[in-house]
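Student: The listed protein sequences correspond, in order, to chains A and B.
Under this note's numbering, think of the first position of the first sequence as 1, with each following residue one higher.
Under this note's numbering, think of the first position of the second sequence as 1001, with each following residue one higher.
Just so you know, the hints here were simulated from the structure itself, not pulled from any lab data.
A few of these clues could be false.
What the hints assert, rightly or not - Cut-off 30 angstroms, straight-line C-alpha distance, at most; resulting in silico cross-link-like pairs (DSS-like, lysine-lysine): (1) A:Lys210 with B:Lys1002; (2) B:Lys1002 with A:Lys286; (3) A:Lys339 with A:Lys316; (4) A:Lys485 with A:Lys402; (5) A:Lys28 with B:Lys1005; (6) A:Lys398 with A:Lys409; (7) A:Lys463 with B:Lys1031; (8) B:Lys1278 with B:Lys1215; (9) A:Lys463 with B:Lys1146; (10) B:Lys1146 with A:Lys240; (11) A:Lys49 with B:Lys1199; (12) B:Lys1005 with A:Lys286; (13) B:Lys1005 with A:Lys210; (14) A:Lys394 with A:Lys335; (15) A:Lys327 with A:Lys76; (16) A:Lys28 with B:Lys1002.
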Amino acid sequence: MFTISTYFSMAYVLLLLGAILLYEVFPKRARRWVLLLFSYLFFFLISRKLVIYLMLSTLSVHHIGLWLSDVQAECKLKMKEIPKEEKKALSASYQKRLRGIMCFAVFLHVGTLFVLKYTPFTIGNINALFDLAGISLTLPTPRLLVPIGISFYTLQAVSYLFDVYRQKIPADRNLLRLAMFMSFFPQIMEGPICRYSDTAESLWQAERIKYSALIQGGQRILYGVMKKLVIADRLNILIKDVFASYNDYEGIVIAISAVFYTIQLYCDFSGTMDVVIGSAQIFGVKLPENFRRPFFSATISEFWQRWHITLGTFFKDYVFYPLSMSKPLKKLTTKARKKLGNHFGPLLSGAIALFCVWLFNGLWHGAGWNYIFFGMYHFVLILIGSTIEPLVIKVTQKLHIKRTCLPYKCFQIVRTTILVMIGELFFRAEGLRTGFAMFLKIFTDRSFAPVSDGAIFTYGMDKPDFIIIGVAVLILFVIGLIQEKGVHIREAIARRNIVLQFAIFYALILFIIIFGAYGTGYIPLDPIYANF
Amino acid sequence: MKYLKRIFTALVFLAGLVFLLVVASQIFIPKSNSEEAGMEEVNANGFLAEKENSIDAFFIGDSVLYSSVIPLQIWNDTGYTCYNCGSSGQRLSYSFTMLQRVFENQSPKIVFLEMDAAYRAQESGYILYTAIGEALPVFQYHDRWKDLNADDFYSEVEHDFIVNDKGYEYSTRVEACDDDGLNYMAHSLTEERMSIRNKLCVQLMKWYCDKHDAKLVLISVPSPANWSYARHNAISSLADSLDCDYIDMNLLTEEIPIDWETETRDKGDHLNYPGAQKVTAYLTEYLVDSGLLESHKDDPDYASWDECYEKFMEEVG
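The following block holds chain B by itself, in its conformation from the complex (with noise of 0.2 angstroms):
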């Protein structure tokens, strides 16, 4: 009796503080999608701002691939929407959450995940961490005490901020890379080990999609500085294994003529803009070429598209 009376008490605590984490998670969680706001990475979860199934490509990944991918000139050359949600240093469990975000109020036909974050560690305890913050926003958003008003106890979450730029970040800095990096796609046999954890993301990634009837595509973007042919290797065998696709842009000199002297802002870590609209241009005729997708260039629902890429080419010049 006395042990059946702990159990209930220590259940009774659990139930009070998960409702008690339920209440702060309301107050602390950003009411909007923007900056001031306080959402995090602002311009990967631009999406949840767009209307409900809206898109129909989501790129996922890392810096990378937001230096590389840019969904308005896929929209202005197609009529297709996609969205890029690259963040810095995205480790591949993030990528999985932004992957279940986007299925919340989104129907993508295809998701193109970035595999620069395949050779990222994870720890055990920022996997855990990212998964609870998921669940119970007061984890990741704790930090917006210092910025918490009247609002925050009220007011329902809208996400209303749109980003412009659908993800991509432009730059037109150019740093040259070094000769010595030029070779990094030298053939070899050999395969870099990638991590349990990570393989198991992509795995769930690769679920998750099927389960949403959604084509999963793995891709490198051109990247001297985070690529290697040990890696495509690894990562053509784990595409194998998954049975999907895998583009590795980095062995694709001919279609994709990345010059490392001018279109690169960092000595080849990161394309510039001249870099990404070649990858861009690519990525567009697979889309093209997969048939999965349907042009919404002449539906006044999507107006707003042309309105960003008239801004956006207003920004490029």
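With the rest of the complex left out, here is chain A (with noise of 0.2 angstroms):
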């Protein structure tokens, strides 16, 4: 019934159509009811019988949310009923039973994440080392069916519970309200993360859809449209075959290829997240987002600012910030600063916080050694960046170089890009030994002869395909230019008269209808973050 290309079938079109007529119809309170069971009925479409993993999910979310506020209110209470000198041991008590009910709650939701996506990489690795010792024994690898989007709701439900830990936000007593925040249907999937604080209100308000609330929820869908079906599924056909037989290609296709396979990942998933918070803006949900125009970092450190937001804040305000202020990584931080100094002092304790970071964030996007590569990669590049930071300040201004001026910020730009191509080839990459032998290719054959005689545009895409994408690429561009210098075009195009806005939308739509790479000889690429 629906493809796993949900977002950009004409299923999801009518999904949303019918949700947005009955949202329209029904009344305020029942407003609620009719996105809660499109989110469900979306969900069920997508997993089928896998929905009563969401089900109990939202069940223990909600169950174990209370229970950490229940314990909260009984400390509360009984701090104010005792002495002074006991409250100290009091506190700790309590602190510990909430430490337990988290961990607890990490390790339901965590743990089934893990065991429905890791296992079969697990006893793979065990059976090696395993084959590795000489022991004759393999382990049988069970055959898990893993609900699509689990990774993007459990990091929700774990958000929500550490935010209700932390007393960030009262646990919701209101079922219907969480189970809204958990499945709303245009995020469930390929997310973005939200916080609960980000996105429950405004879903339980259920306002009506206004005017002008349609008309730029729908500009940011097709957007997300151009981007998915005129770039990214047409850059498909060659990198789909060069991926999967690197050995028939030259370096230089190889090389061409990880370039586009990084503008593909990009379209593809900014596409979709064009969509989805397109979707949401239309019901009056304002999502976060999770692309800032990323090509137009000057470090790594800054382009996982900019790309995938939501999982790096996540990362950061439930990994990161509580393992650095570890007291362990604390004390670490105070001994080093002595010996190292101030820079590099506080950098070992920061490395090891980024270190599991990084680790995480590889395991999250796949169970896979190119995924923990890919991990360790940005790592690496980023605790490098750190390091060297003083001394790269020291050289420019030696050579008299003005770190802020243009040539230089062009250079960081194209410096950081190449890095993260880098990066995606051992991503997409089938497994880390091929991402290596690709990788090595580049340079070891060296031949420009598939560029020069023409040869590149016999592989799935001919000179059109290649020209139409550079003419999409540089819209992008310019696009993402404009948005850089803080306009939001939008809303600047809504302030123009109705016939200039009436011609964007048709250039819009006839671009996508005809440049876009559908119907007869294009396999849609399926969503690739929807299997992370």
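Assembly of the complex is requested from the two constituent chains, each provided in isolation within its own frame, with the hints serving as guidance.
Tutor: The structure is reproduced here in structure tokens:
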């Protein structure tokens, strides 16, 4: 019924239209139910019976949230009743109890995710170790069905529980509101990973659809469809073949494919986010942005503040800070500061926390060594960046290079982009070994023949394909440049006269219809991030 | 008032969009039915270039059909004009589109629908895409932006590319069927379920044929790789419910004695030329027995069919 490419299928369009129609028809109180109904319908259609995982997860989050809240309330009450000198001990005992509940909650939710997603990978590695050790034992690998979107809604669940635990938000006694937060259909498959404080209230308010929200949401959806259909799906033809049988291709073709894959991944994921955020905007829900023009980043660290932002902030808030603020690492920082100075001292404990973040980040993307390598690659780049920063400042000062001048910024952007593309090559490669082999081939097979004799145009994408990709990427670049200057394009369009607004809509729609890679001869790209 | 103004704006916008899509469709639609002009499924759509109301019977289906029915053999034996609209991996919604195209400039008395496609999945998106593509060809032929030339902007559509073999795809390749595949029609009482979408498509085609006074006949050509008794049972039930004939040639082993060692081109998936001759001979008999058609053998308006037959004979040697 639904294909995996749900956000770009006719079925999603029909579902969204149905939801909009019913949402508008029903009174405010029933609108919440309409959204919840459509959210569960959507999840059922993409995951069938695995919808049970979402239900159980929601019930468990609701219950544990209340449990935490009750214990906190009990603690507060008792604190009022006992003498001052006993308060510290009582607080410590309650803290221990709350930590225990949190450990249980994390174990339950992250454990489910781990079992479903990483069991085959773990068993595969154990079997490989047995093999290395000469033990003739092979553990059977179970075939587990993983619900689509589990990585996303699990992180939302964990963030909610942590926020309740830290008393940043009160536990929600309303199961319906919590279920809406966990399952809101536009974002359940690929994020963004929302915080309870981001969306729960606006979902609950279920305000009438505003005309401006409908128009602007529609524009955003179309922009996302353009990225996906015109760029990501068209690039798929070449990328699929080269990554599947890289041995048949020259180094230059592999390098071009790595560049194309980075563009494809960006257009696929950010295009999906445009559809998701645009859909939510129609219902008056403001989802957090997941991308902020990442290819304008000067450093890898900045890149990750602009790419998959909600995942980055999740790891920052729930892994990096708790770890770096933990007692052992604080002690380590104090000691290291004395021995290594103010710059390198804090770097040591920061590096340990950063290592954990990037290990989790790599693993979150998938159960495979290439994903772990991808995480470690960025960990090393960020660490090197932080370590040598004082040196770079000194060198640029000595060479009289203005770090704020345009050429230097361009150099930084190009350098960062190249580093990102290398990482994505390993990310996309079918295994870590293949990733290294492909990377090496770029330098060992240095023939430029496919480009000079035009053979590159026979590898699935012809010259017009390259031209239209170039035009579409140029459009994205110009729009990105305008947005970097702080202009809100859709709002600016909304202020113009209706004829110009129509013309922009028509141009975008026709551009997608004519230059989209769909229909006979094209196989749509499965949403890449839905599998993570 | 504000609400009405918005509805009016939306309607104006939609009208403008439809106008643009109609204009774009005029530009993007192939101006001929040849491959060079960008036509999709050239063999299956070759009937578009045939004279109006000149074809007596149509065969619609997928690749098992275009490998099995030779219209020019029927012409030579009976003087009936038939066209084979088989295309690779054809889905039933496309078959229905094909049927609609057929009745635009032809009035066949009989339409044969090959049922292999009844077990091919169709997503809702594909059905919608096929329907929209037929109404607004820019969706179907959008990829022609690479080949557009000045003619596309002002020329009229003129289907002038005659497909000599009338949709049949000639092959003499031989790849014998495995022994395991030969018992594929072992008797069974079970029925293999057809999807509701596919069932609806067949019902729609029956309704459409009735509307145009044409007889719809369901057929299954011999194909061990694709057919089974459970499928036979399901299609028999469907044919009963629609009150139309069903010819399952997989069961007619005496009337159509296919040698699976030599008369299949790919291990029992598709027939080759000798196999197709046998299937065609049987269907020719069926057409004669139906008494629905008249021979055009001596009609000078159909002289081109003799020329096509001669060319075909040269091709097959």
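Student: Against each hint, give a clear statement of whether it holds in the structure.
Tutor: Each hint tested on the structure:
no. : hint                     : verdict
1   : A:Lys210 with B:Lys1002  : 13 angstroms, holds
2   : B:Lys1002 with A:Lys286  : 25 angstroms, holds
3   : A:Lys339 with A:Lys316   : 27 angstroms, holds
4   : A:Lys485 with A:Lys402   : 21 angstroms, holds
5   : A:Lys28 with B:Lys1005   : 24 angstroms, holds
6   : A:Lys398 with A:Lys409   : 18 angstroms, holds
7   : A:Lys463 with B:Lys1031  : 24 angstroms, holds
8   : B:Lys1278 with B:Lys1215 : 23 angstroms, holds
9   : A:Lys463 with B:Lys1146  : 9 angstroms, holds
10  : B:Lys1146 with A:Lys240  : 22 angstroms, holds
11  : A:Lys49 with B:Lys1199   : 26 angstroms, holds
12  : B:Lys1005 with A:Lys286  : 27 angstroms, holds
13  : B:Lys1005 with A:Lys210  : 15 angstroms, holds
14  : A:Lys394 with A:Lys335   : 27 angstroms, holds
15  : A:Lys327 with A:Lys76    : 25 angstroms, holds
16  : A:Lys28 with B:Lys1002   : 21 angstroms, holds
Taken one by one, the earlier hints all hold for this structure without exception.
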